[in-house]
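S.K.: All residue numbers for the sequence shown refer to our numbering, where the first residue is 1 and numbers rise by one.
Derived by calculation from the structure, the hints in this document are not laboratory data.
Note that the structure is predicted; figures quoted are calculated from it, not measured.
Glycine is no exception: its CB is placed at the ideal position from the N, C-alpha and C atoms.
Among these hints, one or two may not hold up.
Derived PhoX-like pairs (lysine-lysine); straight-line CA-CA distance at most 20 angstroms [what the hints assert, rightly or not]:
| no. | residue 1 | residue 2 |
| --- | --- | --- |
| 1 | K7 | K214 |
| 2 | K31 | K245 |
| 3 | K124 | K7 |
| 4 | K124 | K175 |
| 5 | K124 | K166 |
| 6 | K7 | K98 |
| 7 | K98 | K214 |
| 8 | K271 | K124 |
| 9 | K271 | K245 |
| 10 | K98 | K271 |
| 11 | K46 | K175 |
| 12 | K98 | K60 |
Label-pair restraints from in silico Cβ distances [as the list claims (entries may be wrong)]:
| no. | residue 1 | residue 2 | range |
| --- | --- | --- | --- |
| 13 | G247 | D115 | 16 to 26 angstroms |
| 14 | G161 | Q6 | 45 to 55 angstroms |
| 15 | R95 | R246 | 34 to 44 angstroms |
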Amino acid sequence: METCIQKQQVIFIMGATGTGKSRLSIDIATKYSGEIINSDKMQVYKGLDIVTNKITEPEKRGVPHHLLGEIDPEADFTAQDFRYHALSAIRRVLRSDKVPVIVGGSNSFIEALVDDPLSSFRSKYECCFLWLDVSLPVLYSYVAQRVDQMVDAGLVDEVRGIFDRKADYTRGIRKSIGVPELEEYFQAEMEGNDESAENLLEVAISDIKSNTCKLINTQLSKIYRLKKEVGWPIHRVDATTVFEKRGKEAEDAWEEDVLQPCFKIVGDFLKNSMKVQHLY
(Lines of atoms letter the chains of each structure in order from A and count residues from 1; the text may use other names and numbers.)
(Lines give C-alpha, C1' and ligand atoms only; values in the text may rest on other atoms or scores of the structure.)
Protein backbone atom coordinates (compact mmCIF):
# COMPACT_ATOMS: atom_id res chain seq x y z
CA MET A 1 0.00 0.00 0.00
CA GLU A 2 1.34 3.44 -0.90
CA THR A 3 1.20 6.32 1.59
CA CYS A 4 1.75 9.95 0.69
CA ILE A 5 3.45 12.35 3.11
CA GLN A 6 3.40 16.01 2.22
CA LYS A 7 5.68 18.49 3.93
CA GLN A 8 4.08 21.75 4.98
CA GLN A 9 5.62 25.06 4.05
CA VAL A 10 7.15 27.76 6.23
CA ILE A 11 8.62 31.09 5.11
CA PHE A 12 11.49 32.73 6.99
CA ILE A 13 12.46 36.39 6.64
CA MET A 14 15.94 37.06 7.98
CA GLY A 15 18.25 40.06 8.04
CA ALA A 16 19.94 42.61 10.25
CA THR A 17 18.00 45.07 12.33
CA GLY A 18 16.53 48.00 10.41
CA THR A 19 16.42 46.37 6.97
CA GLY A 20 12.63 46.31 6.58
CA LYS A 21 11.87 42.71 7.60
CA SER A 22 8.59 43.56 9.34
CA ARG A 23 7.33 45.51 6.34
CA LEU A 24 8.24 42.67 4.00
CA SER A 25 6.56 40.12 6.25
CA ILE A 26 3.29 42.08 6.11
CA ASP A 27 3.46 42.33 2.31
CA ILE A 28 4.13 38.59 1.96
CA ALA A 29 1.53 37.56 4.53
CA THR A 30 -1.05 39.80 2.84
CA LYS A 31 -0.37 38.42 -0.63
CA TYR A 32 -0.08 34.75 0.32
CA SER A 33 -2.63 34.47 3.14
CA GLY A 34 -0.08 34.21 5.92
CA GLU A 35 0.23 34.83 9.63
CA ILE A 36 3.39 36.14 11.23
CA ILE A 37 5.46 34.50 13.98
CA ASN A 38 7.98 36.85 15.57
CA SER A 39 11.52 35.54 16.04
CA ASP A 40 13.09 38.68 17.51
CA LYS A 41 14.30 37.75 21.00
CA MET A 42 13.48 41.17 22.49
CA GLN A 43 10.16 41.73 20.74
CA VAL A 44 8.75 38.55 22.29
CA TYR A 45 8.52 40.42 25.62
CA LYS A 46 5.66 42.62 26.77
CA GLY A 47 6.50 46.32 27.02
CA LEU A 48 9.19 48.71 25.74
CA ASP A 49 7.51 48.97 22.34
CA ILE A 50 9.69 51.92 21.29
CA VAL A 51 12.98 50.44 22.48
CA THR A 52 12.32 47.07 20.84
CA ASN A 53 10.83 48.75 17.74
CA LYS A 54 7.70 46.59 17.70
CA ILE A 55 5.45 46.90 14.68
CA THR A 56 2.39 49.04 15.41
CA GLU A 57 -1.26 48.00 14.98
CA PRO A 58 -1.77 50.16 11.85
CA GLU A 59 1.43 48.71 10.34
CA LYS A 60 0.14 45.16 10.89
CA ARG A 61 -2.69 45.86 8.41
CA GLY A 62 -4.85 43.25 10.10
CA VAL A 63 -2.33 40.42 9.75
CA PRO A 64 -2.33 38.19 12.88
CA HIS A 65 0.96 38.09 14.81
CA HIS A 66 2.22 35.44 17.22
CA LEU A 67 4.94 35.67 19.89
CA LEU A 68 4.95 39.45 19.69
CA GLY A 69 4.80 41.17 23.08
CA GLU A 70 3.51 38.05 24.82
CA ILE A 71 6.27 36.99 27.25
CA ASP A 72 6.79 38.24 30.83
CA PRO A 73 9.50 40.93 30.57
CA GLU A 74 11.30 39.49 33.62
CA ALA A 75 11.51 35.99 32.12
CA ASP A 76 14.65 34.58 30.56
CA PHE A 77 13.23 33.45 27.22
CA THR A 78 15.73 31.04 25.64
CA ALA A 79 16.17 29.62 22.15
CA GLN A 80 14.67 26.38 23.44
CA ASP A 81 11.63 28.29 24.72
CA PHE A 82 11.29 29.91 21.32
CA ARG A 83 11.44 26.54 19.57
CA TYR A 84 8.62 25.19 21.74
CA HIS A 85 6.36 28.24 21.32
CA ALA A 86 7.16 28.68 17.61
CA LEU A 87 6.31 25.06 16.80
CA SER A 88 3.00 25.49 18.59
CA ALA A 89 2.30 28.71 16.66
CA ILE A 90 3.24 27.10 13.34
CA ARG A 91 0.77 24.27 13.96
CA ARG A 92 -1.99 26.75 14.84
CA VAL A 93 -1.36 28.80 11.71
CA LEU A 94 -1.36 25.73 9.48
CA ARG A 95 -4.59 24.45 11.04
CA SER A 96 -6.13 27.74 9.92
CA ASP A 97 -4.98 27.00 6.35
CA LYS A 98 -2.62 29.96 6.49
CA VAL A 99 1.10 30.17 5.67
CA PRO A 100 3.46 30.65 8.64
CA VAL A 101 5.82 33.59 8.05
CA ILE A 102 8.61 33.67 10.65
CA VAL A 103 10.38 37.01 10.85
CA GLY A 104 13.07 38.50 13.07
CA GLY A 105 16.74 39.21 13.48
CA SER A 106 17.52 36.57 16.13
CA ASN A 107 19.18 33.95 13.97
CA SER A 108 20.05 31.80 16.98
CA PHE A 109 16.31 31.37 17.55
CA ILE A 110 15.72 30.43 13.93
CA GLU A 111 18.61 27.96 13.90
CA ALA A 112 17.36 26.35 17.13
CA LEU A 113 13.98 25.84 15.48
CA VAL A 114 15.13 24.58 12.09
CA ASP A 115 18.18 22.46 12.90
CA ASP A 116 17.41 21.01 16.33
CA PRO A 117 17.44 17.21 15.85
CA LEU A 118 14.81 16.61 18.54
CA SER A 119 12.08 18.51 16.69
CA SER A 120 12.81 16.89 13.28
CA PHE A 121 11.72 20.20 11.76
CA ARG A 122 13.13 19.59 8.30
CA SER A 123 11.41 16.23 7.99
CA LYS A 124 8.04 17.92 8.49
CA TYR A 125 8.45 21.32 6.85
CA GLU A 126 9.78 22.80 3.65
CA CYS A 127 11.61 26.09 4.32
CA CYS A 128 11.94 29.20 2.20
CA PHE A 129 14.64 31.53 3.54
CA LEU A 130 14.63 35.19 2.49
CA TRP A 131 17.50 37.45 3.57
CA LEU A 132 16.75 41.16 3.30
CA ASP A 133 20.13 42.89 3.06
CA VAL A 134 21.26 46.53 2.95
CA SER A 135 24.73 47.96 2.29
CA LEU A 136 26.43 48.50 5.66
CA PRO A 137 27.31 52.22 5.30
CA VAL A 138 23.72 52.93 4.27
CA LEU A 139 22.30 50.78 7.07
CA TYR A 140 24.57 52.29 9.73
CA SER A 141 23.40 55.77 8.74
CA TYR A 142 19.77 54.69 8.76
CA VAL A 143 19.84 53.06 12.21
CA ALA A 144 21.57 56.13 13.67
CA GLN A 145 18.70 58.26 12.36
CA ARG A 146 16.23 55.72 13.66
CA VAL A 147 17.69 55.91 17.17
CA ASP A 148 17.22 59.69 17.09
CA GLN A 149 13.61 59.17 15.99
CA MET A 150 13.07 56.66 18.80
CA VAL A 151 14.43 59.18 21.31
CA ASP A 152 12.05 61.83 19.92
CA ALA A 153 9.21 59.30 20.22
CA GLY A 154 9.83 58.82 23.94
CA LEU A 155 12.49 56.12 24.27
CA VAL A 156 14.08 57.70 27.35
CA ASP A 157 10.80 58.05 29.25
CA GLU A 158 9.87 54.48 28.31
CA VAL A 159 13.11 53.10 29.76
CA ARG A 160 12.84 55.37 32.81
CA GLY A 161 9.56 53.61 33.56
CA ILE A 162 11.33 50.31 34.21
CA PHE A 163 14.55 51.71 35.72
CA ASP A 164 15.56 49.89 38.89
CA ARG A 165 19.02 50.13 40.44
CA LYS A 166 18.71 46.59 41.76
CA ALA A 167 17.44 45.04 38.52
CA ASP A 168 19.30 42.30 36.66
CA TYR A 169 20.26 43.73 33.26
CA THR A 170 21.48 40.35 31.99
CA ARG A 171 18.04 38.78 31.61
CA GLY A 172 14.62 39.51 30.15
CA ILE A 173 13.70 42.67 28.32
CA ARG A 174 16.37 44.69 30.16
CA LYS A 175 18.95 43.16 27.82
CA SER A 176 17.47 45.22 24.98
CA ILE A 177 19.80 47.74 23.39
CA GLY A 178 18.65 51.08 24.76
CA VAL A 179 18.14 49.92 28.35
CA PRO A 180 21.55 49.26 29.97
CA GLU A 181 23.08 52.22 28.12
CA LEU A 182 20.80 54.61 30.03
CA GLU A 183 21.47 53.25 33.53
CA GLU A 184 24.20 55.76 34.45
CA TYR A 185 22.11 58.64 33.12
CA PHE A 186 19.15 57.69 35.31
CA GLN A 187 21.37 57.33 38.36
CA ALA A 188 22.83 60.82 37.83
CA GLU A 189 19.32 62.14 37.29
CA MET A 190 18.15 60.64 40.60
CA GLU A 191 21.12 62.21 42.38
CA GLY A 192 20.15 65.65 41.05
CA ASN A 193 23.35 66.09 39.04
CA ASP A 194 21.80 67.79 36.02
CA GLU A 195 25.03 68.69 34.20
CA SER A 196 26.44 65.21 34.55
CA ALA A 197 23.09 63.70 33.53
CA GLU A 198 22.95 65.78 30.34
CA ASN A 199 26.42 64.61 29.31
CA LEU A 200 25.59 61.02 30.20
CA LEU A 201 22.45 61.14 28.07
CA GLU A 202 24.49 62.16 25.03
CA VAL A 203 26.93 59.32 25.74
CA ALA A 204 24.05 56.85 26.18
CA ILE A 205 22.46 57.78 22.84
CA SER A 206 25.83 57.46 21.12
CA ASP A 207 26.33 54.04 22.76
CA ILE A 208 22.88 52.90 21.63
CA LYS A 209 23.82 53.74 18.05
CA SER A 210 27.21 52.04 18.35
CA ASN A 211 25.78 48.91 19.97
CA THR A 212 23.08 48.69 17.31
CA CYS A 213 25.79 48.67 14.63
CA LYS A 214 27.64 45.95 16.55
CA LEU A 215 24.42 43.94 16.67
CA ILE A 216 24.08 44.30 12.90
CA ASN A 217 27.56 42.87 12.41
CA THR A 218 26.77 39.93 14.69
CA GLN A 219 23.50 39.23 12.89
CA LEU A 220 25.19 39.28 9.49
CA SER A 221 28.00 36.99 10.66
CA LYS A 222 25.40 34.42 11.72
CA ILE A 223 23.58 34.64 8.40
CA TYR A 224 26.85 34.23 6.48
CA ARG A 225 27.64 31.15 8.60
CA LEU A 226 24.21 29.61 8.02
CA LYS A 227 24.46 30.25 4.28
CA LYS A 228 28.10 29.41 3.60
CA GLU A 229 29.12 26.94 6.30
CA VAL A 230 25.88 25.23 7.28
CA GLY A 231 24.55 25.36 3.73
CA TRP A 232 21.08 26.83 4.17
CA PRO A 233 19.54 27.79 0.79
CA ILE A 234 19.10 31.45 1.70
CA HIS A 235 17.89 33.89 -0.97
CA ARG A 236 19.57 37.29 -0.58
CA VAL A 237 17.51 40.31 -1.65
CA ASP A 238 19.29 43.68 -1.76
CA ALA A 239 17.14 46.53 -0.43
CA THR A 240 19.86 49.20 -0.46
CA THR A 241 18.22 51.35 -3.14
CA VAL A 242 15.10 51.69 -0.96
CA PHE A 243 17.15 53.39 1.76
CA GLU A 244 19.03 55.61 -0.69
CA LYS A 245 15.87 57.18 -2.06
CA ARG A 246 12.98 59.20 -0.63
CA GLY A 247 9.24 59.47 -1.17
CA LYS A 248 7.76 57.90 -4.27
CA GLU A 249 11.19 56.85 -5.56
CA ALA A 250 11.73 54.83 -2.39
CA GLU A 251 8.30 53.24 -2.74
CA ASP A 252 9.03 52.36 -6.36
CA ALA A 253 12.38 50.86 -5.34
CA TRP A 254 10.63 48.75 -2.68
CA GLU A 255 8.22 47.45 -5.29
CA GLU A 256 10.86 46.74 -7.95
CA ASP A 257 13.91 45.69 -5.95
CA VAL A 258 12.30 43.96 -2.97
CA LEU A 259 8.71 42.90 -3.55
CA GLN A 260 8.99 41.65 -7.10
CA PRO A 261 11.97 39.33 -6.46
CA CYS A 262 10.55 38.20 -3.09
CA PHE A 263 7.12 37.47 -4.55
CA LYS A 264 8.80 35.47 -7.33
CA ILE A 265 10.83 33.43 -4.83
CA VAL A 266 7.90 32.80 -2.50
CA GLY A 267 5.44 32.16 -5.32
CA ASP A 268 7.72 29.55 -6.89
CA PHE A 269 8.33 28.00 -3.45
CA LEU A 270 4.64 27.65 -2.65
CA LYS A 271 3.86 26.31 -6.10
CA ASN A 272 6.78 23.97 -6.65
CA SER A 273 8.14 22.83 -3.31
CA MET A 274 5.17 20.78 -2.13
CA LYS A 275 7.09 17.56 -2.49
CA VAL A 276 5.33 14.28 -2.02
CA GLN A 277 7.35 11.40 -0.62
CA HIS A 278 6.13 7.93 -1.53
CA LEU A 279 6.61 5.26 1.08
CA TYR A 280 6.15 1.69 0.09
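S.K.: Within a Cα-Cα threshold of 20 angstroms, do K46 and K175 meet the stated pairing?
M.R.: Between K46 and K175 the Cα gap is close to 13 angstroms, so the pair holds against 20 angstroms.
S.K.: Holds or violated: K98 and K271, Cα atoms, limit 20 angstroms.
M.R.: Holds, at about 15 angstroms.
S.K.: Hinted pair, alpha-carbon criterion (20 angstroms max): K271, K245. Please report holds or violated.
M.R.: Cα-Cα ~33 angstroms, so violated.
S.K.: Is it true that the CA of K124 sits at most 20 angstroms from the CA of K175?
M.R.: Since the Cα atoms of K124 and K175 sit roughly 34 angstroms apart, the hinted pair is violated (cutoff 20 angstroms).
S.K.: Does the Cβ distance between G161 and Q6 fall inside 45 to 55 angstroms?
M.R.: holds (49 angstroms)
S.K.: Next pair to validate is K124 with K7; report whether the Cα-Cα distance is within 20 angstroms.
M.R.: holds (5 angstroms)
S.K.: Between K7 and K214, is the straight-line Cα distance small enough, at 20 angstroms or below?
M.R.: violated (37 angstroms)
S.K.: Does K98 pair with K214 here, judged by a C-alpha cut-off of 20 angstroms?
M.R.: violated (36 angstroms)
S.K.: Within 34 to 44 angstroms or not, the Cβ separation of R95 and R246?
M.R.: holds (43 angstroms)
S.K.: Would the hint linking K7 and K98 be met if the CA-CA limit is 20 angstroms?
M.R.: holds (14 angstroms)
S.K.: Measure nothing beyond the straight line between the CA atoms of K271 and K124; if it is 20 angstroms or shorter, mark the hint as holding.
M.R.: With Cα atoms ~17 angstroms apart, K271 and K124 stay inside 20 angstroms; holds.
S.K.: Measure nothing beyond the straight line between the CA atoms of K124 and K166; if it is 20 angstroms or shorter, mark the hint as holding.
M.R.: violated (45 angstroms)
The structure shown violates the earlier hints numbered 1, 2, 4, 5, 7, 9 and 13.
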